[in-house]
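As you go down the protein sequences, you meet chains A and B in turn.
Numbering-wise (this note's numbering), the first sequence opens with residue 1 and increments by one.
Numbering-wise (this note's numbering), the second sequence opens with residue 1 and increments by one.
No wet-lab data here; the hints were simulated from the structure.
A hint or two may mislead.
To be verified - Reference excerpt, derived from the structure (chain B facing chain A, CB under 7 Å, subset only):
{"id": "1", "residue": "39"}
{"id": "2", "residue": "41"}
{"id": "3", "residue": "73"}
Source: prediction; values computed, not measured.
Think of the CB as a built atom: it goes at the ideal place given N, C-alpha and C, for glycine as much as any other residue.
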Amino acid sequence: MIYLDCAATSLQKPACVRYAVCRAMEQMSSPGRGGYESAMLAADTVLDCRLALADLFCVRRPEQVIFTSSATHGLNIAIRSLLGPGDRVVVSGYEHNAVWRPLHGIGADIQVASSPLFEPDAAVEAFRRALPGAKAAVCTQVSNVFGYILPVERIAALCREYNVPLIVDASQGAGSLGLDFEKLGCAFAAMPGHKGLLGPQGTGVLLCREENAAPLFYGGTGSESRQADMPDFLPDRLEPGTHNVPGIAGLLEGVRWLQKKTCPALLYHERQLLDAFAGRLRTDGRVRLFRAPDCRLQAGVLSLQLEGVDCEQAASLLAERSVAVRAGLHCAPLAHRTAGTLEQGTVRFSFSPFNTLGEVNAAADAVLDILG
Amino acid sequence: MHYLLTFRSLTYAQRASRVLERAGVTGTVSRVPKAAATRGCAYCVIVAARHRERGLAVLKSAGLEPERVLLRHADGSLEAGQ
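Modelling step: build the complete structure from the supplied sequences, incorporating the hints.
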């Protein structure tokens with residue numbers, strides 16, 4: 001199988017990730033619940049992972065690195081920490097349902113700072129118009145549908161100017177694009193552990209500036225057990241219950257692997273694959289490619305539509321040819337509405353550090369074969 | 001005799017232990033004895049009595065000052081250590 005769906009989850013992981021998960025299952029118990037060897041080994045692994053992530057994302061204190069079960073989990077914490085019913089929030093036109101639904105769920109007044117695809121100046125202007133008076137803003141770093149890299153640094157600067165706390169959804173950028181948490185000055189940044197960071201499913205990370213963030217869950221933390229209230233310090237405040245130690249152990253190895261390879265090198269590789277794939281298809285008038293005019297505006301995700309072929313049908317036909325991609329709305333109807341593809345959806349190809357030029361050429365052959 | 005440097009969370013105690021280790025001071029992370037854990041479960045770093053001053057100075061410079069410093073006598077009894 002040629003796996004081109006790493007925007008959903010990275011299937012291929014470095015071998016060290018698998019070994020770390022197995023070792024954790026064999027040797028580690030629960031951190032913060034005892035002083036014996038297996039508990040302390042687990043605690044050391046969890047701290048090592050916090051430190052590695054703090055280093056990767058330029059976070060001042062490792063306590064600000066919160067382990068979650070997913071980016072969605074982290075985004076829910078961030079949104080509920082900053083917003084309540086009726087509060088006005090500004091979002092980009094490319095947000096995932098992991099942002100849209102929690103905002104809708106709490107009854108926030110959602111204002112979409114809409115701007116055309118691959119036009120970062122327009123995105124900045126849309127935020128500039130919408131931000132004054134807003135309670136918070138949310139912006140995805142990279143569109144999960146189109147790979148569009150939004151101008152998060154510029155939007156963060158605007159948020160600082162207007163004193164509006166910003167939540168960054170780094171789900172698609174983490175692992176290939178840099179993110180300097182201190183420099184951005186955002187309130188929160190959420191990301192999954194199982195996509196670009198190459199950890200196992202069930203892992204996520206929330207970078208948290210707010211010491212007093214609102215817990216989503218309440219429970220035991222192994223600290224201040226006599227108190228009925230959750231601890232008022234991080235990370236304990238936001239991490240009740242037993243940690244996913246095998247997941248975190250795997251995530252640690254994924255991050256270490258990334259740090260060795262370096263994110264810019266991995267992004268370069270993914271862009272080369274995207275270029276090669278798009279290059280094979282761009283001359284065929286039956287293929288509509290959503291390709292950035294400037295390659296610096298697109299990460300390793302490419303959407304397309306095939307003339308006369310429904311996107312779900314196209315994905316099924318590709319699966320029959322051993323090419324794994326995702327079709328439809330990609331849990332991001334807002335992004336499709338913004339780009340004008342809500343009715344048809346798209347077929348999404350997303351590339352990982354483990355894909356090869358041979359694979360993307362074979363995938364392009366499969367697309368052309370479907371078109372006949 | 002040893003000193004117990006107590007912290008509100010395991011994460012802080014671990015970080016303190018590593019900072020001490022880098023400064024050449026051996027500090028072992030351990031749970032705070034029940035009698036001293038006034039707010040419930042907590043963790044501490046145990047250092048030899050001779051390392052008290054240097055250890056506290058290292059932690060202060062790293063922004064990791066302990067909540068409390070307890071002196072543990074040979075018979076296991078505890079008393080305020082500063």
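So, going through the hints one by one against the coordinates:
| no. | hint | verdict |
| --- | --- | --- |
| 1 | 39 | holds, 4 Å |
| 2 | 41 | holds, 4 Å |
| 3 | 73 | violated, 20 Å |
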